[in-house]
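Peer 1: If you want the building blocks of each chain, they are given just below.
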Amino acid sequence: MEDISLTKLKTKQSAVVKTIEGGQGLLRRLEALGIRKGKKITKISSHFWRGPVTVLAGKTKIAIGYGMAQKIKVRVE
Amino acid sequence: MSLKKDQKILLMGNPNVGKSALFSRLTGAKVTVSNYPGTTVGFCQGYLILEKNTYGVVIDVPGVYSLEPLSTADEVAIKMREKGDIVINVVDATNLERNLFLSLELSEKNVPMIIALNMWDETRHKGIEIDVKALQKELGILVVPVCGLTGFGIKELVEKLKLVKKRTFKSTTRKEKWEKIGRVLNLTQKLHHHHHTLLERFEDMSTRPSTGIPISALVIYLSFKIIRFIAESLITYVFNPFFDRIWLPIMEKLSFFLGQKGVLHNIIIGKLINGEIDYEKSFGLLTTGLFVPIAEVLPYILSFYLILGILEDLGYLPRLATQVDNLMHKLGLHGYAIVPMILGLGCNVPGAMAIRLLETRREKFIAGTLMAIAIPCMAQIAMIMGLVGKRGGKYVALIFGILFLLLIVKGLIMNMVIKGKSPEVLWEIPPYRLPQPMAVVKKLWMRVFEFIRDAVPYVLLGVLIINVLSAIHIFDFLTRLFSPIIHKLWGLPNDTMPAMMMGFLRKDIAIGMLAPLELTTKQLVITCTVLAIYFPCMATFIVLIRELGWKDMLKSAFLMILTAIIVGTLMNVIL
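These protein sequence lines map, in sequence, to chains A and B.
The opening position of the first sequence corresponds to residue 336 in this note's numbering, with each subsequent residue numbered one higher.
The opening position of the second sequence corresponds to residue 545 in this note's numbering, with each subsequent residue numbered one higher.
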């Protein structure tokens, strides 16, 4: 399976975070909320017009801006 | 370790894990608690009596995810940590993995600490089983299960606080911390399958856009319907009868006693209209001065904050913020800016304070300006409902429609003109929690009390100033000065001038001053709209200076006046 960006993931689908194409700042902000390399996340929904993507990471629901979500590459296993 | 006097006890933890509720349990202090991150923007402190003659200072530190600052707000919280003697690390028991990262970071600072495992009662519903003893052993830190909302475990927490010892932990890398957390959780936490509760089903529905957006529309519509219903019922069945049957006879006796005319009579009771006291027109301190804030505005404040409090505690606002994010981006903001806007509908002052939640200077400027121009506060809304409502509901709708249109147009323009772009969102959506009636009532009481304490004196002061100023004919001069704008551009009679001046101080009484003027409906609509736009009230202005800085606030104020002149003129030409 190939890595796809989080925006391309289907709703209700789970995938493992492979890479985050961003600086240390973004990496740490995501990590603080429980999104880091190797972590399994589930997409809950996406909003129209490049609105935020919501995911479930562990027990936390998180809203991620579209641009940021594009930088998160995941793999469906 | 025994605690000495004035020990600084810090409550630290991730955002939205119930620190403030725990704080109010520990200290008995009154603080606002809501189910969304970022409620504690400043910091609160209170006293905790540990034993006879020994007490600690408890400080509620704003929530952080990590001790490495991720934003400027984090820096403040992290600096506060350095001044603490003991840390109570508040941890959300239903979300251990993420919460423990901060716990490990804190432990490596080698300050005495204890873990309060909050939301303990929720773990059972969620199928989470935690072995507290094992957790305590694995971490090497005292752990006490508590529930801030019900008060469970608080006593034990205070007792254990006295036993906390300083320990030294070797420092580890971020990767090592996550690995340790994984190990600890394997040993101490079991997850059971559990059935989706009704709240969780509703949660799923309201995060999916196809069902979430209709739900939001319905929630907002119903909220306003209910607010209006409660407020109007209170006015009709409680406040009006009180002022008519109980207060009026007292005022009539007082009026008679004061000789029914003269300077003192006019200040206290006001002018008699056809020989009688008229609460809307007499304009005395004890008549209009009390009637406006208490009988006309307070019912709306009460019902608005009741509904807002329920929605806040339910955890609805972050979901709304996610849904409107893409629209807010078009206005140069992001979804979370909806929080200051909604708070601003109650009163612009807390709304302006919440602007601190926004990160960039650009966003703060846009949010502050939009709120001051286009978000009328509940006091203003109540008065418009009362005064303009008598001429027909469509005129009320016209005023709010124009303000809403302004919100969109000004936002679009500012987004295009001001350099930069709005930051991307990244936030936690807390689970829905059923609001606790006692917590809702407590918060409602605090907010209503603040209104009475802050607004009523201002209104009385305003009434006094207006009476004195008109007695010494100062308005004649101002009226001549501003007549070109008020009369020529806006088509308003010159006697709206005192109300315009009053609008700098308070909007509700300013609109109240229009009652005796016998304006045409068109003039009334224009005056109310212009009053909303040209300046926020004095209190909001002061808070905005603090949040935006002088320079940006001056620019913002200039935009407000310019917008008021243009919109007022356009309305005069078109309507």
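None of these hints come from the bench; they were simulated from the model.
Check the hints yourself; a few may be wrong.
Distance condition first, Cα-Cα at most 25 angstroms in a straight line; then the derived SDA-like pairs of lysine to any residue [what the hints assert, rightly or not]: (1) A:347 to B:671; (2) B:825 to B:723; (3) A:374 to B:723; (4) A:375 to A:339; (5) A:372 to B:641.
Peer 1: If a hint holds in the structure, say so; if it doesn't, say that too.
Peer 2: Going down the list of hints, with the structure as the test:
1. Taken as a hint, the residue 347 of chain A and residue 671 of chain B pair is honoured in the structure, with Cα atoms around 21 angstroms apart against an allowance of 25 angstroms.
2. Distance restraint check for residue 825 of chain B and residue 723 of chain B: the Cα-Cα separation of roughly 72 angstroms exceeds the 25 angstroms cut-off, and the hinted pair is therefore not satisfied.
3. Restraint check for residue 374 of chain A and residue 723 of chain B: satisfied, since their Cα atoms lie roughly 12 angstroms apart, inside the 25 angstroms limit.
4. Taking the CA atoms of residue 375 of chain A and residue 339 of chain A, the gap is near 14 angstroms; set against the 25 angstroms cutoff, the hint holds.
5. As the CA atoms of residue 372 of chain A and residue 641 of chain B are separated by approximately 15 angstroms, the hinted pair is consistent with the 25 angstroms bound.
Violated hint for the displayed structure: number 2, the only one.
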